[in-house]
Amino acid sequence: MLKNRAEAIINTENLAHNFKKIRAMAGGSRVISVVKADAYGHGAAECAHVIERCGGDMFAVASADEGAALRESGIAGDILVLGISTAEEQKRLHEFDLIQSVASREYADELGALGYPVRIHIKIDTGMSRLGFYCHGEEDTAAAYEAVRDALEKNKNLKCEGVFTHFACSDEPYDSMTRRQFGAFSAFCGLCEKGGLGLGMRHCCNSAAIVNFPEMHLDAVRAGILLYGLSPNPGVTDAAGLLPCMTLKANVVQLSHIRKGDTVSYGAAFVSDRDMTVATLSVGYADGLFRALSGKADVVIRGKKAKMVGKICMDMCMADVSDIDCEVGDEAVIFGDGQSADRLAELAGTINYEILCSVRNRVSRRYI
Numbered sequence: 001m002l003k004n005r006a007e008a009i010i011n012t013e014n015l016a017h018n019f020k021k022i023r024a025m026a027g028g029s030r031v032i033s034v035v036k037a038d039a040y041g042h043g044a045a046e047c048a049h050v051i052e053r054c055g056g057d058m059f060a061v062a063s064a065d066e067g068a069a070l071r072e073s074g075i076a077g078d079i080l081v082l083g084i085s086t087a088e089e090q091k092r093l094h095e096f097d098l099i100q101s102v103a104s105r106e107y108a109d110e111l112g113a114l115g116y117p118v119r120i121h122i123k124i125d126t127g128m129s130r131l132g133f134y135c136h137g138e139e140d141t142a143a144a145y146e147a148v149r150d151a152l153e154k155n156k157n158l159k160c161e162g163v164f165t166h167f168a169c170s171d172e173p174y175d176s177m178t179r180r181q182f183g184a185f186s187a188f189c190g191l192c193e194k195g196g197l198g199l200g201m202r203h204c205c206n207s208a209a210i211v212n213f214p215e216m217h218l219d220a221v222r223a224g225i226l227l228y229g230l231s232p233n234p235g236v237t238d239a240a241g242l243l244p245c246m247t248l249k250a251n252v253v254q255l256s257h258i259r260k261g262d263t264v265s266y267g268a269a270f271v272s273d274r275d276m277t278v279a280t281l282s283v284g285y286a287d288g289l290f291r292a293l294s295g296k297a298d299v300v301i302r303g304k305k306a307k308m309v310g311k312i313c314m315d316m317c318m319a320d321v322s323d324i325d326c327e328v329g330d331e332a333v334i335f336g337d338g339q340s341a342d343r344l345a346e347l348a349g350t351i352n353y354e355i356l357c358s359v360r361n362r363v364s365r366r367y368i
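Residue numbers (my numbering): 1 to 368.
Keep in mind the hints are simulated off the structure, nothing from the lab.
Do not rely on the hints blindly, as some may be mistaken.
Stated by the list, open to error - Computed cross-link-like contacts, BS3-like style, restricted to lysine-lysine with a CA-CA straight-line distance of at most 30 Å:
| no. | residue 1 | residue 2 |
| --- | --- | --- |
| 1 | LYS296 | LYS311 |
| 2 | LYS296 | LYS260 |
| 3 | LYS305 | LYS260 |
| 4 | LYS159 | LYS91 |
| 5 | LYS296 | LYS307 |
Construct the entire structure; sequences and hints are all you get.
So this is what it looks like as structure tokens:
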């Protein structure tokens, strides 16, 4: 039986293995380890320390608060803030030696008014239409170049150490969008070089592009979901030798012997077609187990699959264990240990990223 009602068990050896594999895939490019959203639910500080011990020296987070928390945990490497920091969060940039992404002339001016040095990377929007100086095609490079040049000339306290973009379709290796984006980014960087505007390291590859577009690795790559042993591309993790890092488990807390015609859970939507044994498990949608998985997903108990029955509740769910010789106190594997988070994502109509990030803080993390 687990010590806690539900546990996310994080295999740090698998994480270290994955980082080393990605570093090898990246060739001579620097690996920026993306640990935003609490390292996709795995625990940012714990994962960053594992990566740092393996030689990782740069991390990416979503906010200055996430970056500050990493620094306070003892992380020494560079930390890039991918999102926009509010006026309150901007105080942490200098205090915790963070690198801020700058995505517009207006935001550059806002940071320029701070009056102290701010390390930055310039973000170029080559087609995502989310954040960045607009440069959706080579015809936009001159305007983007002038906007960036003027922003840096005006705001002398901004110390530019890098420039990057983000691909929208790199999980599709034959999609032309990624090549168009790379062309626009390359044209922009070329114009900067020609104009003597040094912006530092260039990076554009996310996890999917690391695998699908090795010719685009440039000076650095940003590894996110790959670090945790999953991928946007089916089959990539196996082919690359990557290993999933998280296993989600819960306890069997009750066994109920029900008759044919009995119902299970809210709405009485599940009606037993035979006498059966139902196990109640100590995990529910408030822990990150999507309600959309009701009646669709399996759990594994004593090495055997048990189909979920009835609607998933806030704190519990039920499974048919009629053919499993199990007991109260047994562990149930929700995903991991051969139970794929990819499969849960498919059944829930979402992506594996969301499955991992949805495992809530009330689920205890255990590092092995």
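Exercise for the section: Measure nothing beyond the straight line between the CA atoms of LYS296 and LYS311; if it is 30 Å or shorter, mark the hint as holding. Expected result: holds (10 Å)
Problem - Proposed proximity, LYS260 with LYS296 (alpha carbon, max 30 Å) - result: holds (20 Å)
Problem - 30 Å Cα cutoff - pair LYS159, LYS91 - result: holds (16 Å)
Exercise for the section: Verify the proposed pairing of LYS296 with LYS307, using a straight-line Cα cut of 30 Å. Expected result: Holds - the C-alpha atoms of LYS307 and LYS296 are around 7 Å apart, at most 30 Å.
Handout entry: Pair hint LYS305 and LYS260, alpha-carbon separation not exceeding 30 Å
Key = holds (21 Å)
In summary, this structure violates none of the numbered hints.
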